[in-house]
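Participant: Chains as they are written, first to last, in the numbering used here: chain A, 975 to 1560; chain B, 975 to 1560.
In case anyone wonders, no lab produced these hints; they're calculated from the structure.
A portion of the hints provided could be inaccurate.
As the list makes no split between identical chains, a pair holds if one copy fits it or if it spans any two.
Computed cross-link-like contacts, DSSO-like style, restricted to lysine-lysine with a CA-CA straight-line distance of at most 27 Å [stated by the list, open to error]:
1) K1464 <-> K1331
2) K1096 <-> K1293
3) K1494 <-> K1413
4) K1273 <-> K1464
5) K1387 <-> K1334
6) K1413 <-> K1279
7) K1393 <-> K1106
8) K1293 <-> K1279
9) K1519 <-> K1305
10) K1293 <-> K1273
11) K1302 <-> K1279
12) K1273 <-> K1519
13) K1305 <-> K1279
14) K1519 <-> K1331
15) K1413 <-> K1126
16) K1393 <-> K1107
17) K1413 <-> K1334
18) K1273 <-> K1096
19) K1519 <-> K1413
Spelled out, the chains give:
2 protein chains.
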Amino acid sequence: MSDIRKTIPGGATWQEVAADRRRHRDATVEKCRRQQRDATVDKCMPEDTDVSASNGTLLTSHMQLLNLEELTMTNYNVEDITRGHPNAESITSAFLRRAALAQGVVNCITELLPDQAMRRAKELDAYWLEHKKPIGPLHGVPISVKEHIAMKGLDQNAGFVSWVGRVAEEDALLLQILWDAGAVFHARTAQPQSLMHLETSSNLYGVTANPFNPSLTAGGSSGGEGALVGLRGSVLGIGTDIGGSIRSPAANNGVFGFKPTVGRLPILGWSAPMAGCEAILGTIGPLSTSLEGVKLFMKTVVDAKPWLRSPSLVALDWKDISGLFSEKRLKVAVMWDDEVVKPHPPITRALDNIVMKLHKSQNVDVVDWAPQGHDRAWSIIAGLYFADGGAQTSEAINASGEPWMPLSEWIIKDNPHVKKHDVDSLWSACAERDEYRQKYAELWNTMADVDVILCPAGPGVAPKLNAARYWGYTSQWNLLDYPAVVFPAKDHVSVDKDGADVADYTPRNDADEYNWSQWKEHGAEGYKGGPISLQLVGRRYDDEKVLAALEVILEETGLPTTVPPTIEITPQPLGLPEFQSFSSMA
Amino acid sequence: MSDIRKTIPGGATWQEVAADRRRHRDATVEKCRRQQRDATVDKCMPEDTDVSASNGTLLTSHMQLLNLEELTMTNYNVEDITRGHPNAESITSAFLRRAALAQGVVNCITELLPDQAMRRAKELDAYWLEHKKPIGPLHGVPISVKEHIAMKGLDQNAGFVSWVGRVAEEDALLLQILWDAGAVFHARTAQPQSLMHLETSSNLYGVTANPFNPSLTAGGSSGGEGALVGLRGSVLGIGTDIGGSIRSPAANNGVFGFKPTVGRLPILGWSAPMAGCEAILGTIGPLSTSLEGVKLFMKTVVDAKPWLRSPSLVALDWKDISGLFSEKRLKVAVMWDDEVVKPHPPITRALDNIVMKLHKSQNVDVVDWAPQGHDRAWSIIAGLYFADGGAQTSEAINASGEPWMPLSEWIIKDNPHVKKHDVDSLWSACAERDEYRQKYAELWNTMADVDVILCPAGPGVAPKLNAARYWGYTSQWNLLDYPAVVFPAKDHVSVDKDGADVADYTPRNDADEYNWSQWKEHGAEGYKGGPISLQLVGRRYDDEKVLAALEVILEETGLPTTVPPTIEITPQPLGLPEFQSFSSMA
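Turn these sequences into a full structure, and let the hints steer you where they fit.
Facilitator: Quick look at the structure:
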């Protein structure tokens, strides 16, 4: 297993450990790069390509390094692969190559897995040849995986330098299930220090940048996934989410991302501090270039009855509710604003667009959603994230001597809601959480058969680096454990459309003030190119309904169910902050 | 609302508070007693009745005080009422009277609700007259309710003297659902101090005795329910269970009792210390004179989609799996012994009987179950019950100055597994719990499609008072959150059958030693008449399957699906311990 990392021995400085991890990453990436110019490459070169740029900072120049077949294949979505059944070896090879290119552009990878992925792909092709049928519903689909999800024999550091060298003894249960369904695991992706940023910066691997505007974050904590799927280095990725960590990167990179209800997908085998904490539970979930990819992922995993192997899960079959909204009109409640932090203009513009179209639809009813106590929700969840006052996470950071990232400081040390609980005060806080959940359920019960809430996925598009400091639009639904899907609104920040002056807006509170200070400082120009995404939320366990409702909404509004196959990029030099200097990014 | 209690004002001693509660109880009970000899009563007097006994200590003499109609009606089961639709007023009146008699025999009631129950019954009869159909699936079924489950306007003391005067502001959600289904609430029943005994003794209401042998406990903590249903003062009762509190009283009184998986029935509105604790979750569930009563209760409540009103619940419909075991042979694994505490001879005899019959069945496969680490399971759950070191429960006891009951001392102060956790050690303990659950799921996965485990419901029949000191046969399934139903094995302890000498048994550990010292001391003679019950356990969320499997097992072994309509009692004087002296029991 040549992909298995060699951990450097104890006694190394954190810098040495990090450098070793990056060397390992770069070696695996290098293996996936085309070693010399392929004669077929020129065929697919876009007309306006700046072929002189060859330093890996420009996506367009990178894309030259895919030949036409590779470019075509990596524009497939999950459903193209599972229905068309292309040769798994070709598909895998193409996605490995594109993932390597993505790494050069946005720094999203912790390691690529060329040897084992290609071995697996060959095995699948042999199976197909012999049995004339797929091995399972995901036969030959390359899947990328956030690093803190266990892969046997590979490092599982969860973004902490001190955890480097923790080698997984077996694959996470989810990966075992996906493997049995025919998956090929080709890439492992970056996460931030602590796993608790809505961006992706670590002392191990550096910063993951946004493919559409490198001055913006890819989001986090599954930001490696977000950027990789955004660049089509993967059609289906696995992230995790306890406050927005699937949805923020999905939103920031213009792809689909789904946070299911807790207990529907197995998390067994992920690695994170605070094992045994259950006050707020995280979930695992898919990011994909297509809604179909999200749905197939969910159905495949739940159909495997994972609750028999992970008893913390709920024994709830994946329901076929395809006919639901032909029998019943879909009723959507729109939450324009959570009344804590007002979204930036591009978000409201996109929401306005879609709602206008929904109002015209014959098949959808639209009402407004009046949010209730979202500020209190944040204070509850922010306190419950770190009921030990952040001790375990701090210890994991401090053990190696690595510096604290600004957003780790922000969420743990500067967070007024974090305190060291005793058992008594923890129980009180949990009771307060339960009471909030109860009130929100009662609120929903007053909203005459509303099916889903349509709302922003964040207080703006992808923030500037270190500025992702308002979680409320995503963490709200973690607190309530409501399933939520993020989808691209097929639009980007534009100076023309979003450049109106907002200087006279009076913020409501500090968080609102911070969010608007960002917009005032950078304006539409600063966020130019950032994909605009929205979020659709359902009641607890209404996972199937949320996805079915999204299908109806996309259909009724003419929005696409897949992200565009050709990525339009405004080339810009990467502007990475100072603490990135040790990163091996180009 | 004349049933509403008058709370005595603050400043009273605990003795005064308790005396007031008992006066209130007795007044409500007195209202339900026949005030003078009914001419029809003699018709139903058993031939061997000792009519000279009139002090309330003998069930047979009490039963005289039911007339023939009342005796007939109180021998109905839930299904007789819901299918036969007798007049709700007559049914309610009959059960009120029988509950009053039961109170005189075993002391199981905290208050009867004659005024509101009769009002409700009249309302139901009027509905029937007008609509010619039942108001819901439980139309006219009298239901008894453990006291700590909220009833609007009534005391909710949960067995603590210091909590007397906490008056519920609204009905528990479960009761609202049952009300909508047509229930009549006629009785509230006793629970022990702390809710954490497998018997029912409190300074407020005294000891609840076993109807079949008053030297034995009725079990607990839903012991008031167990004894009341055992005496047919109720056909359907509501208990709660975090370590055996539904199943112990069901077993001790020879009735059906079901602990569902956590999250299937709403607990919203119950009262207990440690709100917000979620390391081990309790459940609510039915006790009934019939398996059909249990099933109808479950289906009725789950069909009401309680998760929409209580978001902690799982959105899992009640599945109709009636055809399951005609398509697939039922596979039963028998756990004879948990390998920690060996059951007393009557239990093993009953298990042997039933297994012998199952082996002969064409429709059932039988294998043995090899338990794994049940001693460790007890150490995990016993520690997690009181993660605050028992502080909140102790405070609730100490606040009034009431004395500690022996079993409160035993479970909190003398329990070596109880410690005051900090958040860190609590998380570790929860992680250990999760690991144990994981291992047990893996164990089950190795047992080739076993559907259910058949096992003892306790280490013996109903223990002597203060001797219920081994919870393992029930708490095991709370730790694992497996649904479990207790059912009567249609047999009682008998000197002839169970009297063999066991003096040479060498106990395995202290708990085993204690359990066997009890048997050696009291022998078959000491437990004579005690009903023998067994337990059937399924995997998490297999609630429907457990009940369906029990139906098959009863059918195949010729065991009844209802408890016998006529209770055979060996009259004995009540032998209550000293600390009962303040009780108003006869």
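Participant: Evaluate each hint against the coordinates.
Facilitator: Here is what the structure says about each hint:
Taking the shortest Cα distances, K1464 and K1331 sit within 27 Å of each other inside one copy (14 Å), while across copies they are farther apart (67 Å). Taking the closest pair of Cα atoms, K1096 and K1293 never come within 27 Å of each other, the shortest separation being 33 Å inside a single copy and 43 Å across copies. For a Cα distance limit of 27 Å, the shortest separation of K1494 from K1413 qualifies neither inside one copy, at 36 Å, nor across copies, at 55 Å. Within a single copy, K1273 and K1464 get their C-alpha atoms as close as 26 Å, which meets the 27 Å cut-off; across copies the closest is 46 Å, which misses it.
Taking the shortest Cα distances, K1387 and K1334 never come within 27 Å of each other, neither inside one copy (48 Å) nor across copies (68 Å). Taking identical chains as interchangeable, the C-alpha atoms of K1413 and K1279 lie at most 27 Å apart only when they sit on different chains, with a minimum of 17 Å there against 32 Å within one chain. For the homomeric pair K1393 and K1106, neither the shortest alpha-carbon distance inside one copy (59 Å) nor that between copies (61 Å) is at most 27 Å. Within a single copy, K1293 and K1279 get their C-alpha atoms as close as 13 Å, and across copies as close as 17 Å, so both meet the 27 Å cut-off.
Within a single copy, K1519 and K1305 get their C-alpha atoms as close as 11 Å, which meets the 27 Å cut-off; across copies the closest is 36 Å, which misses it. Taking the closest pair of Cα atoms, K1293 and K1273 come within 27 Å of each other both inside a single copy (8 Å) and across two copies (20 Å). Proximity of K1302 to K1279 under the C-alpha cut-off of 27 Å is restricted to the inter-copy arrangement: shortest distance 19 Å between copies versus 29 Å within a copy. Taking identical chains as interchangeable, the C-alpha atoms of K1273 and K1519 lie at most 27 Å apart whether they share a chain (13 Å) or sit on different chains (24 Å).
With identical chains, the CA atoms of K1305 and K1279 are at most 27 Å apart between copies only, with a shortest distance of 20 Å across copies and 31 Å within one. For the homomeric pair K1519 and K1331, the shortest alpha-carbon distance inside one copy (21 Å) is at most 27 Å, but the shortest distance between copies (47 Å) is not. Only between protomers do K1413 and K1126 lie at most 27 Å apart by alpha-carbon distance; the minimum there is 20 Å, versus 43 Å within a single protomer. For the identical chains of this complex, K1393 and K1107 are neighbours neither inside a copy (56 Å) nor across copies (58 Å), given an alpha-carbon limit of 27 Å.
Taking the shortest alpha-carbon separations for K1413 and K1334, neither the intra-copy value of 32 Å nor the inter-copy value of 55 Å comes in at or below 27 Å. With identical chains, the CA atoms of K1273 and K1096 are at most 27 Å apart within one copy only, with a shortest distance of 25 Å there and 51 Å across copies. For the identical chains of this complex, K1519 and K1413 are intra-copy neighbours only, at 22 Å inside a copy versus 33 Å across copies, given an alpha-carbon limit of 27 Å.
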